[in-house]
Each structure stands twice: as C-alpha cells, then as structure tokens.
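A.B. asks: If you want the building blocks of each chain, they are given just below.
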Amino acid sequence: MEKIKAIVEALIFASDTPLAPEKIRAVFPEVEKTEIKEIIDQLVVEYNERQGGISLQEVAGGFQFRTNLELGQWIKKLKSTKPHHLSPQALETLAIIAYKQPIVKSEIESIRGVDVGAPLKGLLEKKLIRIVGRKDVPGKPIIYGTTRKFLEVFNLKDIMDLPNIRELKELHQQQELLEQDIEEEKPQEDISDL
Amino acid sequence: MDNEQNLNYAIKLDIFEGPLDLLLYLIKKNEIDIYNIPVALITEQYLQYLKMIKALNLDLAGEYLVMAATLIHIKSRMLLPPPEEPEEEEEDPRAELVRQLLEHKTFKEIAASLGSRPLLERDVFTRAVFPPDEMEKTDGEEEELIEASVFELIEAFHRVVSQLDKKELLEIDLEKLSLTDIINEVMDQLVVTKSVTFEDLLKGKRDRRRIIYTFLAILELIKLRMIKAYQTSVFGVIRIFPAVES
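Residue numbers (this note's numbering), protein chains in the order written: chain A, 572 to 765; chain B, -9 to 236.
In isolation and in its complexed conformation, chain A is listed as follows (with noise of 0.2 Å):
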C-alpha cells in the first residue's frame, strides 16, 4: 500500500498536466479505482498537514501539485513570464462563453452589446476556447466551448465547478417559467420546486 502510494505520487509528479485517478489506474489495473482515489485523498491531506509550499490539487478532472496561493509573488519573482493577462473585455466574453456554452459570436455579443471579434481570436490564441462545430442555421456561425486549458489555468475541477452555475442555471429556468407565466396567464406549481 505505501508502495502504490509513493509510486501514484510520482506519477502525478512526472506528469505534465493534471493526472486523472484512470490513468494512474491504466498502471496499476489491479488496484481498484476506489482504492486509488482513497490513496490520492491520502495524499492529498498529508500535503494539507504539512503546510508546505505545495499542495495537491483537483484541476481539469485530474490532479497536479501546484504551489499553494500565498506564495505567488515570490515565485513571481523568479520567473521571467509574464502572466496571463486578460482585459475585462476578454474574461467577460470568456464568461459568457464559460457558462453558456455551445454558444455562437452573435449570442455572445447580444449578452455584452459589442462586438466580440477582437477578444475572441485572443482567447482563440490562448487556448482558452476552442471551436466546438458549426451551428445548423443560415450562414453556418461558428460555435465556441471552453478548452481543459481553461480549466488548468482557472484552478477549476470540471465545468460545473464554475461558481455559481447552479444559481445562474435556476435563475434562468425561473426567468422562463415567469416568461411562459405571462404567456399562458396562469400559475405555473412548479415555481416552488426550484
């Protein structure tokens, strides 16, 4: 068992992106999936104990040691990198995109008001959104989704790891049943389900 754990540990490690438990599981196909994730919990709180400088941390469906929160301005200091850097106009259309994704360039500037040319090939650049497909309507828009790149570099576990996205999810729902209210002109009982 302490052996399994040291080797997961150098697997997540040498491993260039976040790790996910199947992949440590394709080394080890004897050991069950439950069984490595209870080993990487493990692990997890003994990086949490011993409050040093890194931890392990669940991103993009995998995990990956990264240095705890407090520390960046130090290794900032080391590194000549520049950081990412997003204008307030590429993280709200990356927001937008975030959480209402598949969505096309016109949905997406109906939402902010503007045009989203510029703003959309940098996050295009960067890797942070991807072209998922083309939307089946007249002039065939391109549809955008986020990529797991996005996930890396917002620390997030999955998509709906996104904060809020359950709220936002239940305020829209609601917004349609008030909309479909006034519609039809009479009360919708399900209202109080949500």
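These are computed hints drawn from the structure, not numbers from a lab. Beta carbons: idealized from backbone N, C-alpha and C, even for Gly. A hint or two may mislead.
Claimed, not checked - Listed next, the in silico DSS-like pairs over lysine-lysine satisfying Cα-Cα at most 27 Å (straight line): (1) B:95 - A:671; (2) B:65 - B:44; (3) A:698 - B:213; (4) B:213 - A:697; (5) B:218 - B:193; (6) B:95 - A:676; (7) A:697 - B:218.
As the list claims (entries may be wrong) - Here are some, though not all, of the chain A residues that point toward chain B, as calculated from beta-carbon distances under 7 Å: (8) 635; (9) 660; (10) 662; (11) 725; (12) 726; (13) 734.
Using the hints provided, position chain B relative to the given structure of chain A.
C.D. replies: Chain B in isolation, oriented as in the chain A frame:
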C-alpha cells in the same frame, strides 16, 4: 510580445465597454431601480454622454447609436396610450432592455469572480515543463491529438503530391472516379479501422486525380461533420476519425 503594443488600438473610454455598460453606469449613478427605468431621464443622459464622446473626438462605435435609437423607440412607445381593448397582454416596452441589462450585469459580476480566482501562472504555479518540441518523442507512446485546420490538411496534401514520381504523372489514367465513390471508400475504411491517416488513404493510389478526389472527399466529410481530422503536431500526421461512433 512586443507587437501587441504596436497595434493601433482605437481609443475607448475605459469605464464604458459598450452601450450596455454606459446604461448600467447611468442607472447606478442615478440610483434607479433597474426594473423601473425612467426612460425619458436615461435617454436624455445617454444622449448627453454620446455628445461628450463626440466632443472628445473619440470614435463612436455604431453600437452606441443603435442603443440610442432603441432608447428613443422605447420612449415613444411608452408615450403612446395603451390600447383600450388589449388583445393580448402587452409587454412593457422596457422589458427586453431590462432583460439584456440584467444579463449583462450578471456576466460582468461573473467575469469579476472568474478573474479573482487563483490563476495558473499568476497566483499558483506548477512544475516548469519543457516545451514539447524540446523533448524527444518516444516511440509507441500514445500520441496526443490536436485538431487539424484546413491549412494543415492542405500542407499534408502538398506533401503527398511532392512525393509523387514525376514519370507516373505522364501516364494518363482514365479510371472513372466520382467523389461519392471516394467518400464511401473513406467511410468504409473508417468502419474497418476506426481511424486512418491521410497518407494511408492514399497508399498505392498515388495518381494526382486520386489524391485530389481523396482530399476533396475528406474536406466534404469534414463539412458534413461525418469525420474529424486530428494532428499530433503542426505538420504532423493527420489522422481521420469517424465523427460519430457507430
């Protein structure tokens, strides 16, 4: 990195990112209830701001004018007396705008909360990794796939054409080819092998017409979203997969 600064950006008022932003600002400044906007007041102030932007000789984006027209339209509709026998419940002329404003506001807040998350390479860091091109590719390892663009497909096409034996080009082969046949061939191949490289499809059939037809077939299939093309790296091998697992 430096060329970013050289680009000629249009000057913008920093605080206003489009007409919806300006409206939200006016609503906040006047401490107005967003669900009950006094359209006359807001329209007046909005137009004043537009004048100011013009006076500063800044580029006035068309969207601002569209919004001005919308505001005036709403204002005029609100002045009209309501129909005496309303056939259907009339929506408040402001409703659509309010919806838009609320959604815009929501996403501004979400964007702010996204931006304040611990960002990779800004707040948190991982082990520095060598750029992939500096690493030796190990054989047999599972290739990581990237999506290939049309340009990369064309590149692969050129590669195959350039490998053609020039002599063979002199032979005139009158084999009847149709795009439909080739498309079917590609799909049949995919059913058997699940994935195939662009080069594999052309193995042993290296006459120019055949290559062109195969290339066209792939483009057509991608357009129809029946297959997907991936590439391990720029100029790498292009692999074709069925878009839907059958």
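A.B. asks: Decide, hint by hint, whether the structure agrees.
C.D. replies: Okay, the hints, checked on the actual structure:
1. B:95 - A:671: Within the cut-off at roughly 15 Å; holds.
2. B:65 - B:44: 23 Å, holds
3. A:698 - B:213: With a Cα-Cα distance of about 23 Å, the restraint between residue 698 of chain A and residue 213 of chain B holds, given a limit of 27 Å.
4. B:213 - A:697: 25 Å, holds
5. B:218 - B:193: Cα-Cα ~20 Å, so holds.
6. B:95 - A:676: Holds: residue 95 of chain B and residue 676 of chain A sit about 19 Å apart, inside 27 Å.
7. A:697 - B:218: Roughly 22 Å between the alpha carbons, so the hint for residue 697 of chain A and residue 218 of chain B holds.
8. 635: 6 Å, holds
9. 660: Result: holds, 6 Å to nearest chain B Cβ.
10. 662: 4 Å, holds
11. 725: Status holds, d = 5 Å.
12. 726: With a closest approach of 5 Å, the residue 726 of chain A hint holds.
13. 734: 6 Å, holds
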